[in-house]
Amino acid sequence: MRIVFGVIILVFSMVTGLFAQDNDLLLAKQYSTNGEPQKALEIYQKLYKQNNEAYYSYYINTLLGLKKFDEAESAAKKLARKHPEAHEYQILLGTIYSQQGNLNKANAIYDDLIKNMPADRNEIAMLAGQFYQSSNIDYAIKIFLQGRKIMNNNEAFTYELINLYRFKRDKVALTEEYLNFLPSNANFITQAENAFASIFEGDADYNMLKGALLRRLQKDPQQIIYTELLTWQYMQQKEFDLALNQALALSRRQNDDGNSIFELCRTLNANEAYDTAIRGYEYIISKGKTLPLYIPAKIELINTKNLKITSDKYLPADLFGLEQDYISLLTEFGRNSSTVFAMQKLAQLQAFKLHKFNDAQKLLEEAVAIPNIRPELLASCKLDLGDVYLINNQPWEATLLYSQVEKDFPNTDINQDAKFRNAKLAYYTGDFTWAKGQLDVLKAATSQLIANDALNLLLLIDDNTAADSTGAALKIYARADLHIFAEQPDKAIMTLDSIDKKFPNNSLSDDILMSKSRILIQQKNYADAVPLLKKIADDHPNDLWADDAVFMLGDIYENRLNDKAIAKIWYEKIITTYPGSLWINEARKRFRLLRGDKTDS
Numbered sequence: 001m002r003i004v005f006g007v008i009i010l011v012f013s014m015v016t017g018l019f020a021q022d023n024d025l026l027l028a029k030q031y032s033t034n035g036e037p038q039k040a041l042e043i044y045q046k047l048y049k050q051n052n053e054a055y056y057s058y059y060i061n062t063l064l065g066l067k068k069f070d071e072a073e074s075a076a077k078k079l080a081r082k083h084p085e086a087h088e089y090q091i092l093l094g095t096i097y098s099q100q101g102n103l104n105k106a107n108a109i110y111d112d113l114i115k116n117m118p119a120d121r122n123e124i125a126m127l128a129g130q131f132y133q134s135s136n137i138d139y140a141i142k143i144f145l146q147g148r149k150i151m152n153n154n155e156a157f158t159y160e161l162i163n164l165y166r167f168k169r170d171k172v173a174l175t176e177e178y179l180n181f182l183p184s185n186a187n188f189i190t191q192a193e194n195a196f197a198s199i200f201e202g203d204a205d206y207n208m209l210k211g212a213l214l215r216r217l218q219k220d221p222q223q224i225i226y227t228e229l230l231t232w233q234y235m236q237q238k239e240f241d242l243a244l245n246q247a248l249a250l251s252r253r254q255n256d257d258g259n260s261i262f263e264l265c266r267t268l269n270a271n272e273a274y275d276t277a278i279r280g281y282e283y284i285i286s287k288g289k290t291l292p293l294y295i296p297a298k299i300e301l302i303n304t305k306n307l308k309i310t311s312d313k314y315l316p317a318d319l320f321g322l323e324q325d326y327i328s329l330l331t332e333f334g335r336n337s338s339t340v341f342a343m344q345k346l347a348q349l350q351a352f353k354l355h356k357f358n359d360a361q362k363l364l365e366e367a368v369a370i371p372n373i374r375p376e377l378l379a380s381c382k383l384d385l386g387d388v389y390l391i392n393n394q395p396w397e398a399t400l401l402y403s404q405v406e407k408d409f410p411n412t413d414i415n416q417d418a419k420f421r422n423a424k425l426a427y428y429t430g431d432f433t434w435a436k437g438q439l440d441v442l443k444a445a446t447s448q449l450i451a452n453d454a455l456n457l458l459l460l461i462d463d464n465t466a467a468d469s470t471g472a473a474l475k476i477y478a479r480a481d482l483h484i485f486a487e488q489p490d491k492a493i494m495t496l497d498s499i500d501k502k503f504p505n506n507s508l509s510d511d512i513l514m515s516k517s518r519i520l521i522q523q524k525n526y527a528d529a530v531p532l533l534k535k536i537a538d539d540h541p542n543d544l545w546a547d548d549a550v551f552m553l554g555d556i557y558e559n560r561l562n563d564k565a566i567a568k569i570w571y572e573k574i575i576t577t578y579p580g581s582l583w584i585n586e587a588r589k590r591f592r593l594l595r596g597d598k599t600d601s
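Residue numbering for the sequence shown follows UniProt numbering, beginning at 1 and increasing consecutively.
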């Protein structure tokens, strides 16, 4: 019984002691946090003496923080003598010497560890890990490199070295390590590209990679992985033609189906390198109709030419060339449910760029009559046909189609789009009362874009029919708006200029400025749009288009004139002057990004 009681007392004492040590440790950490290291040291020293090895790191690190190097050195030496096989104590002693400024003594310890390192992969990795934990990255790298030598294996520790080079941001060493690794591990090319992108900071870094790749290709021109990486490198520097040239050379050498070229062309389009993408698609098409990518490449070629034209990077002759491309495609593959998309694109080109309204109307009428079209595509074609009817002076036919789509797609974004087009038709034709009724509903639309546009149009009508219930000046302005929609800028400008002559005291001055700005933006003439938008912001700061003009200025400076500093000023003006603007969230997000914030929160 006495024995049992004695055991209970012993266990209780041990548990009590452990609780006491835990409480002391928490108290010491609190002292450290509060900036009272001397008080923390007293507790750590007590704990260290009670249980030498459990608390040595707290004790010695606190000594180092207080620059008590002699005491730290004495404690580390005792531990190293007690555990001669435990390398962490020797590394700790080296750390102490380093912090004292005695690098020779520290390096002598480290070099001795490397010199006596066994040819054992696990031992090498463990030793390097201990150096890494002590924040000595350089010696961790030295250990892995020496480990390769003593194991006679130049591929050993690749992953570890890649991670250390990335951590150290040693771009040259990381590049060489990946270039050694990739030929036999091609699946890691995306990882390598991501690693380079994460630490490369400009042209100098990418030129270093290019030089390394070209040197390797001189020695081994058949190494495909280097050519692929060189293509990626050219893309990062936006040397798009050179990137495509590399990819084409590789495709020809391998005599493949052009899949890599097809994927590259998608990226080229995303970077607005349309001419280069066109050259890539033409290469795939030239390989013949029997290849599976022939039809997709032909379609994407035309889409790319369309993108080039809609981005205003084209010559007038390109319009007719693209029209002929669409006609050739429809001749080759027929007019059916599989080619309706091409019929729709061709009609948009004919209506809004070539102003061949009758041709576009006929083509879309034919398209909507084709059976088995996907419902959403059919609705899109009907809405486009309604637009062509509208600009081709057939508003009644247009409203019938809009209403049909609206009825067929209840409670959807398509429904709201159709409803909004109907409301705008009423506005264009001067039926402001009916338009207001529709717009009043649409200002609460789930589509934010439609809700914003509906609210602006509603306010425009309200502002300009308050003094003149007939809205005579507004009717002329609406006709100009229709010309802008139809991409007929000369007619739009002439109509806008007539308003002041007929109605010299009209209230549309800021609206006219906004319309002229939009015409210039439609023509990609951003420099001339800027003063008109500034005039709205300066002369009409409380009118309908003020916050729109301010946001548009920010967008133009950021994305078109490449002046981020000025863009930031205009976005900040939305935040400070127009906190109730519909643009407030987007302006705040862009402002923070330009300011360099890491998140939008």
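Hints are not guaranteed to be accurate.
Unchecked claim - Keeping only pairs whose Cα atoms sit at most 20 Å apart, straight-line, the calculated SDA-like set for lysine to any residue is: (1) K535 x S509; (2) K238 x Q223; (3) K475 x G437.
Bear in mind the hints are in silico, worked out from the structure with no lab data behind them. Note that the structure is predicted; figures quoted are calculated from it, not measured.
Evaluation of the provided hints:
The hinted pair formed by K535 and S509 meets the criterion: a straight-line CA distance of about 10 Å does not exceed 20 Å. The suggested pairing of K238 with Q223 is violated, with an alpha-carbon distance near 23 Å, which exceeds 20 Å. Restraint check for K475 and G437: satisfied, since their Cα atoms lie roughly 17 Å apart, inside the 20 Å limit.
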